[in-house]
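Protein chains: 4
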Amino acid sequence: MAEQIWKWAEPGYLENKTTQLMQQELSNAGFSIQTGVAGIPTAFTATYGSGSPVIGILAEMDALPGLSQKPLPTRDPAVEGGYGHGCGHNLFGTGSIAAAIAVKEWMQSKGIKGTIKLYGTPAEEGAGGGKTYLVREGAFNGVDVILHWHPGDRNSASPSSSLAYKVATFSFRGQAAHAAAAPEKGRSALDGVEAMNFMVNLMREHVSQETRIHYVIKKGGLTSNIVPDYAEVEYTIRHPNVNGLNDIWTRLLKTADAAAMGTGTTVSHEVLTGLYNVLPNETLAKLMQSNLEKVGGIQYTAEELSFAEKIRTSVASTSLPPVAQAAAIEPYALNGLTSASTDVGDVSWVVPTAGLSTATWVPGIPAHSWQAVACDGMSIGYKGMMVAAKTIALTAVDIFLQPGVIPAAAAELAKARGGDFIYQSLAGDRKPPLDYRK
Amino acid sequence: MAEQIWKWAEPGYLENKTTQLMQQELSNAGFSIQTGVAGIPTAFTATYGSGSPVIGILAEMDALPGLSQKPLPTRDPAVEGGYGHGCGHNLFGTGSIAAAIAVKEWMQSKGIKGTIKLYGTPAEEGAGGGKTYLVREGAFNGVDVILHWHPGDRNSASPSSSLAYKVATFSFRGQAAHAAAAPEKGRSALDGVEAMNFMVNLMREHVSQETRIHYVIKKGGLTSNIVPDYAEVEYTIRHPNVNGLNDIWTRLLKTADAAAMGTGTTVSHEVLTGLYNVLPNETLAKLMQSNLEKVGGIQYTAEELSFAEKIRTSVASTSLPPVAQAAAIEPYALNGLTSASTDVGDVSWVVPTAGLSTATWVPGIPAHSWQAVACDGMSIGYKGMMVAAKTIALTAVDIFLQPGVIPAAAAELAKARGGDFIYQSLAGDRKPPLDYRK
Amino acid sequence: MAEQIWKWAEPGYLENKTTQLMQQELSNAGFSIQTGVAGIPTAFTATYGSGSPVIGILAEMDALPGLSQKPLPTRDPAVEGGYGHGCGHNLFGTGSIAAAIAVKEWMQSKGIKGTIKLYGTPAEEGAGGGKTYLVREGAFNGVDVILHWHPGDRNSASPSSSLAYKVATFSFRGQAAHAAAAPEKGRSALDGVEAMNFMVNLMREHVSQETRIHYVIKKGGLTSNIVPDYAEVEYTIRHPNVNGLNDIWTRLLKTADAAAMGTGTTVSHEVLTGLYNVLPNETLAKLMQSNLEKVGGIQYTAEELSFAEKIRTSVASTSLPPVAQAAAIEPYALNGLTSASTDVGDVSWVVPTAGLSTATWVPGIPAHSWQAVACDGMSIGYKGMMVAAKTIALTAVDIFLQPGVIPAAAAELAKARGGDFIYQSLAGDRKPPLDYRK
Amino acid sequence: MAEQIWKWAEPGYLENKTTQLMQQELSNAGFSIQTGVAGIPTAFTATYGSGSPVIGILAEMDALPGLSQKPLPTRDPAVEGGYGHGCGHNLFGTGSIAAAIAVKEWMQSKGIKGTIKLYGTPAEEGAGGGKTYLVREGAFNGVDVILHWHPGDRNSASPSSSLAYKVATFSFRGQAAHAAAAPEKGRSALDGVEAMNFMVNLMREHVSQETRIHYVIKKGGLTSNIVPDYAEVEYTIRHPNVNGLNDIWTRLLKTADAAAMGTGTTVSHEVLTGLYNVLPNETLAKLMQSNLEKVGGIQYTAEELSFAEKIRTSVASTSLPPVAQAAAIEPYALNGLTSASTDVGDVSWVVPTAGLSTATWVPGIPAHSWQAVACDGMSIGYKGMMVAAKTIALTAVDIFLQPGVIPAAAAELAKARGGDFIYQSLAGDRKPPLDYRK
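Protein chains in written order, with this note's numbering: chain S, -5 to 432; chain A, -5 to 432; chain R, -5 to 432; chain G, -5 to 432.
Worth flagging that the hints you see were computed from the coordinates, not collected in a lab.
Treat the hints with care, since some could be wrong.
Same chains, same names: a pair is fine if it fits in one copy or spans any two.
[Claimed, not checked] The calculated DMTMM-like cross-link candidates involving lysine to aspartate or glutamate, where the alpha carbons are at most 25 Å apart (straight line), are:
no., residue 1, residue 2
1, K212, E226
2, K425, E303
3, K288, E131
4, K104, E303
5, K1, D423
6, K104, D392
7, K304, D70
8, K212, E264
Just need the whole structure built from these sequences, with the hints factored in.
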């Protein structure tokens, strides 16, 4: 199945064949399917059992543009300019399904009470933010814990956070005029953009150092002999926690309004996507770590080792980690923070959540590379996927068997998010951008 | 012919049918045709007679994008989004040809010695700069005077200048990086653009007030989560004289280099086009004025008056000139300066040049408007064209008959451009941008 | 008297001995003195006669810092770093008094009815704006015409305008913080200043080309290891007419407010001074011109010529006007505009006003130079002063004798300033800055 | 002695009475004094014994401007606007001398071989950088270890780093011109400053997040009607390590040169001071920690407790540490980093160095506050000082007694600074700014 999905390499919200195949497999295995979750055609849930506890497992699906690649250690696109599974979501989805089915079979064989619920979650990449909309529409209500994993170049289950983030477009409108004959009658929309950028660049000195703010000018005028009446800048802001992000957002809005006021233009904005930071749950993470250690890392065959060594030569880095990292398990560590952002963040603020990563990629291979696509389509990726599937299944089993885990995880979450927390999507009431990859 | 060309409305350097029709007409009238002048397929000359004096007449051809319009006083495109003759070059070309043929017939009937040479000049609009390349390639060598005209909303032959100008693209290259994970490894090409713009905006205080500098950002990065490694800004600079323009250009290049140095990026530039200011020639202008006064302005029929009043209601202005302006001749005045730029400028620095404008457009109608297109396609435009054709023909006749005019005009030009003047195209050795409208 | 005042060289609002001497002279001549006009200690009026018409004459007094100089053609300060009459106000005041007394004697001898009223006007230079406060407080109410003159390097009575202008300080306040340990807690007041400047520099493209905007940063923070909580920028704006100036001012205030909003700071402003443009009055100017032509220019003695030629060698210019310019009268011309600003502007909007300049300085000597100071203290200056005194006296006599002049001048003013004009000082309700030179 | 020095509160490089008193005390105790070390009048060394090992102890002296305060828990300056020991250097110096004398007495009584060498180090604060010059001039050659301490609000000997930093002034020179009449002839030096700042603000996105860059504009023009020909900006840059700092410095120089190039100005710079980051030495730090734990924290009397509680009410903070922190010893921790900078940094790159801080200030009292001055002048400060003196003395004794410590500390230093390290002062060849506090 992972191979089939890898070949399809479908973009976010357009994972039509992928979701069909996944649903079929789970249906065949005796799960009950709900489609079109939260109004998203390719989102689904597959449920087995009933009543408490309810253990959710995430299964992702979407591919990335421009990364099409054959399963070879040298650059060779399968489809020129096509999509490819550079983040390994073909493995992610398939591995999670394998875990869910394994747990279901165990429950059935042991007569365990409770529910196992797999979430087919589309469009994690780019401006997709699929899970944000699932959370906003209540798709995770009643779930006790969420387990997930992600492809990587090492095996780790340590609790790790990500950056909360928000992407928005600011559109400035001015007054067109002949730039030579009557510039005094014009008000440049590009002036608005540049003034906003200027004040944001000043602001960089006065934010906490973990903050990230970056922008590109999407529209900067058509032709230089006309004062541009339209200009557009896209901003991404990130912060280790959602409250800090909201503060930066408020200040960003002020720079936009100020830029419009100071340049005689007007401005409006549209939020493209917004993600919470991941709230790690140590209660669950420790359980996951112990199971990962039980399952162990990945042993390469001679052929795989040869592939690994070949593909590593294509990475321009002087400090690659050792190949042996694939066989090892990273020690448990606190306070991890990745500079990336993920829509698992939103989930982690409403349900206690734990994840792991496994070495589906040869050590040293970065995410979102053709090298990752290549690994995701051959035996190294499949082995990493099986490590994840087993670890998730064992962790789900532990949670069924240890009744204290869920209350402890819930208490930890309640404390972490604070007493008066109410989830509000950073995407506001925006509809899922179902056509963002069209 | 004007109607036919108006219907074709061909873009710059693509005036294939237009040039064909013009050449045919002139060939039929006994002119000798040279095509592909200066390596430009649609440029041609049509010559009658031989030896001194040599009187040149310019004939333009190209239309403008997005202005397609039927000959009606309300907005109604002939082809949605299509080209239209918003600058009246259908009249320009046709009227000049009428003048040339009239002069030829007069020469023939009177046995006058000398040469009349019509220039079919393509691509005056936008980044075309057709005549710049004709001048650079020597197409005007040996010509004694140049006569031309331009559609307008009044009848005037006063000597008037234009702004010298130059358009160039500056391309900055930086270093891409993940904007959240490793911004310190990135160097933003957009930073380069913004730093250049910043220094140029500071420079505005320190240039002579007639200078014009305007820019748009053509490429400002693709997506905000990657530090952009490419960005592009287009600049237009203008100045009442070419020396001043060259000074501004030198300073502009320094801001570009400085911006690259200060932001850790690199920059290269490409000149898109460059035009000299028009050097008015009073000797010729006075002659043109006296002939324009002889020919007189345009009398509207009742129907034309109704059209005029209707179309004027579509112009958002509280200070329209009176309709009667079409019938009047503007008094002779010195020191006129239009804020526009034209490739006639280059011609006027190598040959004594005089032009006039006639009321082909209802008074109050601006150039480059659908209203101008409408006028250019009906009787008002044709009447204006005939005023121009007659005035140019009479002026050519005067020049043939008054042997002192050419030496006086030549002396005036020599004085105006200074002793050590050598023509250097502002477009450098760039080839004509034959595909700029494709 | 001119020599005595020249020696004192008193600064603006501190012209104590000068005003005393002037008042004494006029009192001795039979004028009635009013002191402390408009609450300004050194401002006074000296009135002779009563009833209509009322002819006012301006008499200035103040010197300039750093220009102290002996009456010699080489640089030699009388007092190192001291004040000097670099704008010739010692002559201005004395010449006007001579004119007033001459007119009075003529009135007395001829039994003419009416009033001659001399205004001792302090502090024209720098941020003084003395006459602005006199106008605001109604000191010119009931006056029919104002005559004045100014030292220069030529003899001219053409109607000429000046730039309206306004000077203001913008004070930004932020939040101090340790710049290394807690920059995120700081809000830099200097950021506010730089953001304002940035938006103003963008605005330069979108104002009419005669506009002038210039700024300096008076306070930009104390030490770089503390985020500055205070910063101050001083702006001067100028425009050919007061309405245009007010538009620029409104936009400037918006950039300030926007800068504060966009940088998390606050801003307040203080207007330092504001002057109207001069509204020339052609009715009066023509009269003045005819009298200037009657009086004629200045003939140098051999000694004066030698002084003139010597002092001209100290001016670094390749295009000095001929020395003979001092003997000539400039032809009458319209539409003159100096780039300087003067508080005569305010007067000219409430009373029809005409002025002239005379060649008190050797041709080629600029205002506000030590060379001007030298000329103002010797015979060349005194001769120029007498030309002015005679011309003003003759013009006043003409106005007494030609009853049509005042209504015509008044009608011209009414038309020029528009129907709904109400004078509002650009300095608002600010008190005269009596200590600006202390 | 601490009380006497506290009363004198002498500024950096002007610690004349303080250095005299210290030298006297050490001379009386049998130390040999060398004055005027490294050409600095108030710098001295006091040496006892001879030969290896050589243990150095630092003793600081200088006070801070504006912090004069009586030893009371409410704000009450001893001298209005005067200097005060807000960083506790009165205790620092005195405590170190007490330690040195104690070690000397122990050596004498036990017949221990080796050298104890106290450094009287002036001008740590602000742009002083006293020890930078001592290091540059070789004053620490031949020393095996350096021990030091610093007043604080807790007792800690953990190895902690500081930020390397550099302060420099950039002076731009342009061309003055009348801002209204001839702005095109001017080149604004302030433009240069603003362009540099602009590019630096862009650069903030592209430096590692621990970097600090801050600036103030010291001179921004005199009067807004003249294009300023001189402007000056002061920059401070900081980075966790000196190599990173040097990279930032190189880029900063480029922004300055670029700003000059792009604005038609010239620029020069002067380094005011530059400090290395502190290289912590764990070998020594562990020894120091064990001795600090032996000595123990500070017990308040009832009176002291009352003072402490009173003075804490004057601090505007909602999260003061408990008063009991003064009695505790902080646990040993790695990777500490203060955002401040200190000239101990330079010392630590040439000699293995360890320091501690003791609770001379009531917990919650920040450095450089009047509250710190108050504590430094009464019993709480003296008790903290004695904890430091004892800990340093015990650590010196340990080093004498454990021959393995010095080689281990030296090896650690060698590894930390890298093989090809050569000390180069960040202040270049600048002379000590002996008059920076005059």
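Hint by hint, here is what the structure shows:
no.: 1; hint: K212 / E226; verdict: both (5 Å within a copy, 12 Å between copies)
no.: 2; hint: K425 / E303; verdict: neither (45 Å within a copy, 50 Å between copies)
no.: 3; hint: K288 / E131; verdict: neither (37 Å within a copy, 61 Å between copies)
no.: 4; hint: K104 / E303; verdict: neither (44 Å within a copy, 64 Å between copies)
no.: 5; hint: K1 / D423; verdict: neither (35 Å within a copy, 51 Å between copies)
no.: 6; hint: K104 / D392; verdict: within (13 Å within a copy, 66 Å between copies)
no.: 7; hint: K304 / D70; verdict: within (14 Å within a copy, 65 Å between copies)
no.: 8; hint: K212 / E264; verdict: both (14 Å within a copy, 22 Å between copies)
Hint check: violations occur at hints 2, 3, 4, 5; the rest are consistent with the structure.
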